[in-house]
Amino acid sequence: MEDDYIIGAEKSLREVFENIDLMPLIKSAVSAGASYVMVEDSEGEILYRHGGPVEEGVFTVKQPMYLEGEIAGHIVITGDYKNKGRIRAIGELIFNAVKIILNNSFKTMLAVETHTTVVNRSYEELLETNRKLMLSEGRYRDLANTLEKEVHERTEELKQAHAKLLHQEKIASIGQLAAGIAHEINNPIGFISSNINTLKQYVSKFRDMLFFYHSAFEKEGLSNEDREASKQKWKNLKLDFILPDVEDLVRESLEGAERVKKIVSDLKGFSHIDEADKAYIEINSEIDRTLNVLTHEIPEDAEIVRDYQDIPAFSGNPAHICQAFFNIILNAVQARKEGLKLVIAVRCLSNLIRIDFSDNGPGIPENIRKRIFDPFFTTKEVGTGTGMGLNVTYEIISSYGGTVEVESEAGKGTTFSILLPLPQKGDDAGVR
Amino acid sequence: MIEYDEYENKMILKLVYYGPALSGKTTNLLRLHDILDKEGRGDLAVLDTKDDRTIFFDLLPFFLIAPSGLKIKLKVFTVPGQVKHDATRKAVLQRADGVAFIADSRLSEETNNFESFKNLEDNLTVVGLDIERIPLVIQFNKRDLKNIITEADINRTWEQTGIPVLMSSALMGWGVVETFGKLVELSYDHIDTRYELKEKHGLDKETFVRKLIRVCV
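Heads up: the protein sequence lines correspond to chains A and B, in order.
Its first residue numbered 1, the first sequence is counted upward by one per residue in our numbering.
Its first residue numbered 1, the second sequence is counted upward by one per residue in our numbering.
Just so you know, the hints here were simulated from the structure itself, not pulled from any lab data.
Hints are supplied without guarantee of correctness; some may be wrong.
[Stated by the list, open to error] With a Cα cut of at most 20 Å, we get these calculated EDC-like pairs of lysine to aspartate or glutamate: (1) B:K10 x A:E10; (2) B:K71 x A:D41; (3) A:K11 x B:E3; (4) A:K107 x B:D52; (5) B:K10 x A:E43; (6) A:K205 x A:D245; (7) B:K71 x A:E43; (8) A:K11 x B:D52; (9) B:K84 x A:E113.
Please work from the sequences and hints to get the whole structure.
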């Protein structure tokens, strides 16, 4: 800015006349009768001259020219003394004409220079503004171009993360199950192996006895002594006691094995490992199955009331539905250590299935009731709960177009209600 | 200062009449031109436009010669008051030695006065001048009109700033010379501290003011 034109800078006469041609005016003064006309600046430098040469003793008119109130130069007109009046008149005319030209030229110059300065600076400012706008526009354009892609990527990431969480939650509950099942299996397996051990000893005794008979009969039939010895042997081997016990042992062992079979079958049923993603589900059986795999979590004195109604088969993924029940039932059976009562009521309303799980636990405090379905919200100790259980239930039921409702009263208990819409006639809307 | 040429022994100063649109800046210069003697000043150059609004500036030159021979030229400019001509205002304000802010006394113009003063502060900063140090006077013009802000209110607002405030009616011709005189005085002090007008050039304040302000008899 410092090197730019400063408004108010001094102008010389030469500069102001730069684009003006005074020659025609001066020439016409000479042709009107002046012998010599000259325009000089304040330093005495001649800007215009015409006519001449100047002779001694001629009549001279010299008039100053003002620029911003200061003398900037002179106009000199000479002629014959005898034309004195005429020369003076020509001088007056030329002087006034030049004065007007000078003033107008000066003003034009100021206006032009100011205009140029202002326009140039405004242009520079505009260029700068434009440059900044281009930069920011570029950034926005890039953003707009990549936005869709990024949203897509993020959505995909979220989907994957969600699926992963669901899967992890399932793995976690299956792990929990496995631990409980191992415990459950231990009991039957314990007495089965103990019985079989006893049976082994018995069997060796049978063998002794049998070998004894065998050798005795192989000799020559039974003598009186032999009969005595045989009786003694029978007595010593306590066969009177053993023989009926064998039957019990085998029966018990078979029962134990049966129980193991059932537990394993329930586990398989619950995890629905072998089944397709979509099937027709008997809700009541699925609840039973879920209760069975939770046996180890249910306190011994608990009372489970199964208030089932016959309901139509529901089309869905059985593993998911079991998972949804599992999370609610697990919470309910953990709500109270002694005197637990859990009522599971299944009802078929006009166009939906309603399953109520009512416990007599401590209830859910009002202030956290709104957050229980939030992911990662848990009241259990760190490391115990994932905070995903009810969220998973909620997500599963939502995916079937259903809802999960909760009613709770402090000290009295909690009821979770699952509402599943039934597919309408000719509508395959059971699974989304 | 537009120019100080030690070799030519010449100093060219710039005073600027600033203020909102139609507050009477050009009228102030027209009146100074009428009231002050032809000697010591040039003609008023009005870069007029079709509708009588200033779009560039007006210029009234003054000159005097100090006892030392220093030629001092004082160019008084107006700026265009309309908001859209801000670039021109900045250009005119550049290197100013003093500013007279011409405010419109009408109550309806209070906001415009305030905005124009704020604009002056901003533009002084832009062109590298310090509002705290530059000679500045405020003139409340159009005192001849009705519905104007009272002098008491004006004083309450401006007293603590220490900026001299003058009342005028440029149209009626009063207060104009006083405003110019006050600005010239302040400008003398400002230039004297740096260029030693009195010590070096034998030019005291009284002579400076008297030579510039010669009222026609």
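For this session: State the violated hints by number, sorted upward, taking the hints as numbered earlier in the document.
Result: Number 8 only.
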